[in-house]
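*Asks:* Here's the letter readout for the chains.
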Amino acid sequence: MERGCVYMGKILVVDLQEGRCQEEDLSEEQIEEHVGGVALNLALYERFRERDPVIVGTGLLTGTFAPASCAGVVTARSPVTGGICHVPLLWQTAVELKYSGYDFVVLLGESARPVRLWLHDSLAELADAGDVWGKDVWETTDKLRFEHGDDYVQVLGIGPAGERQSLLGQLSENYWGSRDLYGLGALWGKKKLKALAARGLGSLEVAEGFFDACVALKDEIASGRIRGSQGLVPILRHLGADAGGLNTLEARAHRNVASFNCPYPYNTFLMIDEDASLLKESAKAEPGLLLTDPAGVASLLFLGDGMAQVLRRINRYGLEPSACGVLLAARGAGSAAQAEGALADFVREGCSLEGEGARHVRGVAPWPLSDSPESRLVQAVSLFSHALPPQPALGSFEDFSVPESPQERARWWLERQAVSLVLGVCPLSALLSPELSLERMADLASKACQWEDLTPEMLRNKAWEVIGRSASLAGTSGKLPASWAGPEFEASLQGLLQAP
Amino acid sequence: MEERVRRLRFGIYVGEGASHSWTWFVDLLERYAYHRLRFLRAEDFADVLPSLDVLVLSGGDTFAVARALGSSGAEALSAFLERGGLYIGSCAGAYLPLHSSKEPLKAFNFVRAKINNLTRDLPPARDLPLKFSTPYGCSYVIHPVREEVRVRMAEEFPEWGGRELGVPLYGGPPLVLSEEITPAAFYSGFTQRTRFLADLEIAEGVYLGKVAACERTIGAGRMILLGPHFEHPGFPEGNAVVDAWIRWHLARSLWDSPCSAPGASRPPALSQKTLEALKLEVSNMRIRAWALARESVYWKIGAKIYEAEKIHPFVDAVWSRLASMKARGEEQEEPDAGPALLEAARRCHAIMRDLSGRLREGLDTQDLAELLFRHLKDFTADFLEAYFQNVARPASAREIRHAGGVCGRA
Numbered sequence: 001m002e003r004g005c006v007y008m009g010k011i012l013v014v015d016l017q018e019g020r021c022q023e024e025d026l027s028e029e030q031i032e033e034h035v036g037g038v039a040l041n042l043a044l045y046e047r048f049r050e051r052d053p054v055i056v057g058t059g060l061l062t063g064t065f066a067p068a069s070c071a072g073v074v075t076a077r078s079p080v081t082g083g084i085c086h087v088p089l090l091w092q093t094a095v096e097l098k099y100s101g102y103d104f105v106v107l108l109g110e111s112a113r114p115v116r117l118w119l120h121d122s123l124a125e126l127a128d129a130g131d132v133w134g135k136d137v138w139e140t141t142d143k144l145r146f147e148h149g150d151d152y153v154q155v156l157g158i159g160p161a162g163e164r165q166s167l168l169g170q171l172s173e174n175y176w177g178s179r180d181l182y183g184l185g186a187l188w189g190k191k192k193l194k195a196l197a198a199r200g201l202g203s204l205e206v207a208e209g210f211f212d213a214c215v216a217l218k219d220e221i222a223s224g225r226i227r228g229s230q231g232l233v234p235i236l237r238h239l240g241a242d243a244g245g246l247n248t249l250e251a252r253a254h255r256n257v258a259s260f261n262c263p264y265p266y267n268t269f270l271m272i273d274e275d276a277s278l279l280k281e282s283a284k285a286e287p288g289l290l291l292t293d294p295a296g297v298a299s300l301l302f303l304g305d306g307m308a309q310v311l312r313r314i315n316r317y318g319l320e321p322s323a324c325g326v327l328l329a330a331r332g333a334g335s336a337a338q339a340e341g342a343l344a345d346f347v348r349e350g351c352s353l354e355g356e357g358a359r360h361v362r363g364v365a366p367w368p369l370s371d372s373p374e375s376r377l378v379q380a381v382s383l384f385s386h387a388l389p390p391q392p393a394l395g396s397f398e399d400f401s402v403p404e405s406p407q408e409r410a411r412w413w414l415e416r417q418a419v420s421l422v423l424g425v426c427p428l429s430a431l432l433s434p435e436l437s438l439e440r441m442a443d444l445a446s447k448a449c450q451w452e453d454l455t456p457e458m459l460r461n462k463a464w465e466v467i468g469r470s471a472s473l474a475g476t477s478g479k480l481p482a483s484w485a486g487p488e489f490e491a492s493l494q495g496l497l498q499a500p
Numbered sequence: 001m002e003e004r005v006r007r008l009r010f011g012i013y014v015g016e017g018a019s020h021s022w023t024w025f026v027d028l029l030e031r032y033a034y035h036r037l038r039f040l041r042a043e044d045f046a047d048v049l050p051s052l053d054v055l056v057l058s059g060g061d062t063f064a065v066a067r068a069l070g071s072s073g074a075e076a077l078s079a080f081l082e083r084g085g086l087y088i089g090s091c092a093g094a095y096l097p098l099h100s101s102k103e104p105l106k107a108f109n110f111v112r113a114k115i116n117n118l119t120r121d122l123p124p125a126r127d128l129p130l131k132f133s134t135p136y137g138c139s140y141v142i143h144p145v146r147e148e149v150r151v152r153m154a155e156e157f158p159e160w161g162g163r164e165l166g167v168p169l170y171g172g173p174p175l176v177l178s179e180e181i182t183p184a185a186f187y188s189g190f191t192q193r194t195r196f197l198a199d200l201e202i203a204e205g206v207y208l209g210k211v212a213a214c215e216r217t218i219g220a221g222r223m224i225l226l227g228p229h230f231e232h233p234g235f236p237e238g239n240a241v242v243d244a245w246i247r248w249h250l251a252r253s254l255w256d257s258p259c260s261a262p263g264a265s266r267p268p269a270l271s272q273k274t275l276e277a278l279k280l281e282v283s284n285m286r287i288r289a290w291a292l293a294r295e296s297v298y299w300k301i302g303a304k305i306y307e308a309e310k311i312h313p314f315v316d317a318v319w320s321r322l323a324s325m326k327a328r329g330e331e332q333e334e335p336d337a338g339p340a341l342l343e344a345a346r347r348c349h350a351i352m353r354d355l356s357g358r359l360r361e362g363l364d365t366q367d368l369a370e371l372l373f374r375h376l377k378d379f380t381a382d383f384l385e386a387y388f389q390n391v392a393r394p395a396s397a398r399e400i401r402h403a404g405g406v407c408g409r410a
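Protein sequences, first through last, are from chains A and B. First residue of the first sequence: 1, per this note's numbering; consecutive thereafter. First residue of the second sequence: 1, per this note's numbering; consecutive thereafter.
Next up, chain A with everything else stripped away, as it sits in the complex (with noise of 0.2 Å):
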């Protein structure tokens, strides 16, 4: 069998600045070398490095059977912290991506007018965005799923926020935002792309044996340091967010709602203009909002029960909730309404959090639950998302065998994320699921495509290869808190980026 088999087998160039669009094999030589996911992105993003691409990838498992295997990655330039970056998608964009034909996108160069890409069938649209252009990023999804005929049309997208190059600007999954703290709606913005939709109806081949170790695996992490929690209330509270603001949410939480493939179901929707005790389908157009970001979530607590409004704009905008949050707080905006009204200063051209004068970490927000010497470390580096938590989701470190220094455990938390991202296993499930160890990842991978030497230290090489690339790449221009600033923590960042 061949290592191909988990993927479609194509990669797809398109230039905006010329309209148009190229397949490319994705060669049995390339998986070799790079196994998949961010690792391919990155090598992608480096051959294409003229032409400030954004690369959209799967990993070897997303899609398949495998735990968890909901995940995506796009690397490119951020606008915000001037260094590359990799921001996880986890809900359903990344494996209709692939199932639609195309494992990796290459976006190079900005069109001149807006346009939107459309995939299905191996096929691949670019077309005006007229239609779409200027719309929210609710309007825009329902817009192209009314136009593609689907409901399943998975759609990476941008709102006013993107179109108007607001650094606060995110790419949004559907309806429900993203990890993107990285300002990559704004770039999508500057190269006029409003949408990236995609519908699969492909399939992948997978080995024999390689379900039954999926079964076996997804049991042992339902039984293991999830079982009895779901939803994003569990994480938040354990991760020590304001219990009062937890309690608002809880009251207003309808269901829980998991992404492809996850044992532990993250989202949890929330009813706003509908009773949440509602069993039925809501009359509503619009009953409530889905909640996907624990960082943006937690940012927004001291909102109390205007919180879901205030996040539904946040989402329609297309702007990034952790980054409002910071800039909602300084303001003052303690009611749903004074902050629903700021909001729409912040997709303003350039608005940033450094020119606002908030807090920040490198132009970021900071992530909002603590300021462990860990979470400073992998905030300064600024590769993944700490949208999602800089720490273990539900357990402790020692549940996953981490030593106690600051620094070995932001390396823990690192070559997790990359790991994660090189194969398309959902990141967070791996933060919340011991279970789910390099070891099993690794073996899982290896069975799906029958690739015995798929070992665990050949993805731990791989995910620092990641790391260190992507940070010698392209210097990040972001400054650090002037709290974290000293030679102690210079030396401790220095040495974390080393390879283990």
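Derived by calculation from the structure, the hints in this document are not laboratory data. A couple of the hints might just be wrong.
What the hints assert, rightly or not - Calculated lysine-lysine pairs in the DSS-like style (CA-CA distance at most 27 Å, straight line):
hint : chain 1 : residue 1 : chain 2 : residue 2
1    : A       : K10       : A       : K192
2    : A       : K10       : B       : K273
3    : B       : K114      : B       : K131
4    : B       : K131      : B       : K102
5    : A       : K284      : A       : K143
6    : A       : K192      : A       : K143
7    : B       : K279      : A       : K10
8    : A       : K10       : B       : K326
9    : B       : K279      : A       : K143
10   : B       : K102      : B       : K114
11   : B       : K106      : B       : K131
12   : B       : K300      : B       : K102
As the structure is a prediction and not an experimental result, all values here were calculated from the model.
Use these hints to put chain B onto chain A, whose structure you have.
*Replies:* For chain B alone, kept in the frame of chain A given last:
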């Protein structure tokens, strides 16, 4: 023998009254490397039939088919059989040639056999009431089960004699054994995948021991009548029975197709540009069709219920073949079929879009559904006509083996 088999010219009825199941026969015939396929409408039925060796009539609305073909169609069918043609009818195609006193069916009185699912006292439906019964004069034709049933092949049947297999039943007839017909298979049981629309007792009485498939010699020709859809792509054993039956017929027939083997004078294939445009259009239709299949909606067209899930089989029949179609060389001229096919695809897609839009608004879609099924059927048949004229190639032994059940159900 093999050369005779390859020369066989098939006609598949796709006209008024035919539902989507004829696309299953196309799959089966292609899988078994029968590539000389034509697609017949009621208008050209009598004209085209004389040039065929095998006529296939699958599921649909028997009354609508009979009405559309009329007495001229019945006469053409009679002549076809007299000169040695083979008729294969499944489901509605099996009801059509049975004796009836009713218009317009009585023009097609070819086989004097009784159906065992006719009753004056309509029993209560346990499930799917709309599919359970069809009025027939003062009586009702009832369908106590659907989905998979077991059938036992008659001992005399080549290769398959005495074997039991599962095949899907969607309203096809159980026949009472008589001297008029030679039975080939009997209903022998139900499975876990059988869907009961009436009580078990009624189902057992209607089906068990009754004839599920039979043949009758007429003139130099033969009629094969299949109650269940042996041609369904999910039932490779049933498919293999149909193939074996065609070969068996040929072995017992003196008739031989006079034409040369396929491939002698093929018109040029589609241009690269047309092919690419067609792929885009059909892929987009396919996504919409699969989304519509999730809608809880149905339409009554004639006497037949059409669910939204009956749209995608047409689109899939085109899509699954588009991928293997090669464009013509640039030096050749674009055949007329190309732009016409593209236009037809766009028309179908436009109707589907309107239909989706109206469903979203909660508006009536009956007129659009009727229009869609008509155009979709025409487009699919026209595409397949072009496909089989242009690019169809004999399937390899491996492909046939695969389809035949080595790898399980398709």
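*Asks:* So, for every hint listed, does it hold in this structure?
*Replies:* Taking the hints in turn, this is what the structure says about them:
For the given pair, K10(A) sits about 24 Å from K192(A) by alpha-carbon distance, which is consistent with the 27 Å threshold. A threshold of 27 Å between alpha carbons decides the hint, and for K10(A) with K273(B) the separation of about 21 Å falls inside it, so the pair holds. Restraint check for K114(B) and K131(B): satisfied, since their Cα atoms lie roughly 21 Å apart, inside the 27 Å limit. Our distance criterion of 27 Å between C-alpha atoms is met by K131(B) and K102(B), whose separation comes to about 21 Å.
Distance restraint check for K284(A) and K143(A): the Cα-Cα separation of roughly 18 Å lies within the 27 Å cut-off, and the hinted pair is therefore satisfied. Of the supplied pair hints, the one linking K192(A) and K143(A) holds, its CA atoms being roughly 18 Å apart against a limit of 27 Å. Our distance criterion of 27 Å between C-alpha atoms is met by K279(B) and K10(A), whose separation comes to about 17 Å. Proposed proximity of K10(A) and K326(B) is supported: the alpha carbons are some 20 Å apart, at most 27 Å.
At roughly 23 Å between alpha-carbon atoms, K279(B) and K143(A) fall within 27 Å of each other, so this suggested pair holds. With a C-alpha separation of about 14 Å, the suggested pair K102(B) and K114(B) falls inside the 27 Å cut-off, and the hint holds. Simply put, K106(B) and K131(B) have alpha-carbon atoms about 24 Å apart, close enough for the 27 Å limit, and the pair holds. About 22 Å separates the Cα atoms of K300(B) and K102(B), which keeps this hinted pair within 27 Å; it holds.
Checked against the numbered hints above, the structure breaks none of them.
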